[in-house]
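Peer 1: We have chain A already, so just place chain B on it with the hints.
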Amino acid sequence: MFRRLDDSGVTLSLTVDGKPIRARSGDSVAAAMLAAGIERCRATPVSEAPRAPYCLMGVCFDCLVTIDGVGSRQACLVPVRDGMAVETQLGKRQAGR
Amino acid sequence: MTQASDLASSYDLVVIGGGPAGLAAASLAARAGLATVLFDENPGVGGQIYRGITSTPVTNRAVLGEDYWAGAELAADAKASGVVIATGATVWSLDPSLQVGVTIGGRTRVIQAKRVIAATGALERPFPIPGWTLPGVMTVGAAQTALKAQGLVPKGRTVMAGAGPLLWLLAAQLLRAGARVEAILDTAPRVNWLRALLHAPDFAFSPYWSKGLALLREVKAKVPVIRTATLAALGDDRLREVAFDGRRLPADLLLLHQGVVPNVNLAMAAGIEHRWNERRLCFEPVLDEDLGSSVPGIAVAGDGAGIAGGTAAAERGRIAALAAVRALKPEVAVPDTQAVRQKLRREERGRAFLDWLYRPGEQLRLPAGDVIVCRCEEVTAGQVRAAVDLGCEGPNQMKAFLRCGMGPCQGRLCGLTVSELIAQRRGVSPDVVGHYRLRPPVKPITLGELASLPISEAERRAVER
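Sequences listed follow chains A and B, in order.
Mapping of the first sequence onto the working numbering: residues -17 to 79, in sequence order.
Mapping of the second sequence onto the working numbering: residues 23 to 487, in sequence order.
Only chain A is shown next, with the shape it has when bound in the complex (with noise of 0.2 Å):
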């Protein structure tokens, strides 16, 4: 769905569901994934219907994802780190997930 004006800079890498992604430091984790072509975050808790970022500033929280062991995190919010774990959501959290 994006692409790049620019693509240097794009050193940092992370991984998303265990497929590593490249990033550029000054990336969101939503920003990141869409760039990369990764267009679900979550399925919501109600239908499992799937979800991408819908607003990008914080306010919607569709853009949801687990972040190095920490769910539901605003993806649109947190800056990308070298070696991160972006898990996608699906549906209601699991017991001992």
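No lab work stands behind these hints, which were simulated from the structure alone.
A few of these clues could be false.
[Unchecked claim] Within a straight-line C-alpha distance of at most 25 Å, the following computed PhoX-like cross-link-like pairs (lysine-lysine) qualify:
#, chain 1, residue 1, chain 2, residue 2
1, B, 233, B, 244
2, A, 74, A, 1
3, B, 177, A, 1
4, B, 421, A, 74
5, B, 101, B, 421
6, B, 421, B, 136
Note that the coordinates shown come from a computational prediction; the quantities given were computed from them, not determined experimentally.
Peer 2: Chain B in isolation, oriented as in the chain A frame:
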């Protein structure tokens, strides 16, 4: 980077939000000698209008335009003023005793303020159409944020739809950046012109006039603009097509926008009185001429006080800061408030024309049937209407009926729609049905973050056996 542990336990002035209003307010107050702290939840200051102003990778200044770069001066001025700036700082509580709950990097503090300026800005009006929850549908503001902060532009087939100045601005910015826009679907009702024309003389003397016309020309030269009264996003697992007035366009990305409205969550949770504005179709705080709210000591500045744009926001920030300085340091000589008020009036000129021209039609605010209005809990307009028919009179009772507004966004994306739906069905004003009752924490925090609050020995002894 300011950490939670760097914060004092109290400040003369706490400014919440680092957009133009917050930056201007904090800068003025700090220069006048008030111990001032500014909190913003984003990684950098600028708010949405000057998003990424200190870090944007978009170095070609023509892409975002000179109005954007004007924010650099505000940010630099604030930085040099001596204000403590904490970014990545989530304010989740503000109460009438002027205690501010804030979390930075997983650590929480409750700060006592003598005065508070809430400059929490605006958010985009809900745009509840069929399919607006599908991946591939985003807001115009989201695409602009991706451009400003990260240098991302849409690829594939992009359609923009809605009404309002921001839509045209982003279209121009995307085109300048070399992106392609397949079509713009203009949803502003034609009948709006009748009301808007009454305010045209004022608009003709405002700075928006020439800028606006140039922007429209720039965009219309490159993108087909199609008027439509209906709109839907179609697709199963993602957006595939945009449907409008009996036609369909294949699309990879649909960018929606029908204006911005005050972000009321923090102000309402603080107990500040709000009223319905029928011209702007939103709730706005009730404020005095110094932007003081119904809660003593708390002022609301910027677009959170009512939409007027970035330059007006800065002037409002200054007016609120001047009031704080007069209250706390009456001996300090400050700029003349009347002069700032005059500037503000100039900046606000022409807004009525824009308000009426881009006032969204009922069909795209209050959808029919099974269109989702509460994205979090997946509650439809039809369900809300049916609950009203069962006797549900307001949005708070509606939570008990349907759970709408009870998801993680805390009603930010459905509050206006639900209040208006109930009001329409009952045949009363939204002022009568009111808004969801909002309470802290207005942003989610973890128990661990709460537990990181420093506690005194006396507090520890009070609960230990």
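Peer 1: Hint by hint, note whether the structure agrees.
Peer 2: Taking the hints in turn, this is what the structure says about them:
1. B/233 - B/244: OK: residue 233 of chain B and residue 244 of chain B at ~18 Å, within 25 Å.
2. A/74 - A/1: Holds, at roughly 23 Å.
3. B/177 - A/1: holds (22 Å)
4. B/421 - A/74: holds (20 Å)
5. B/101 - B/421: Violated - the C-alpha atoms of residue 421 of chain B and residue 101 of chain B are around 43 Å apart, more than 25 Å.
6. B/421 - B/136: Violated: residue 421 of chain B and residue 136 of chain B sit about 35 Å apart, past 25 Å.
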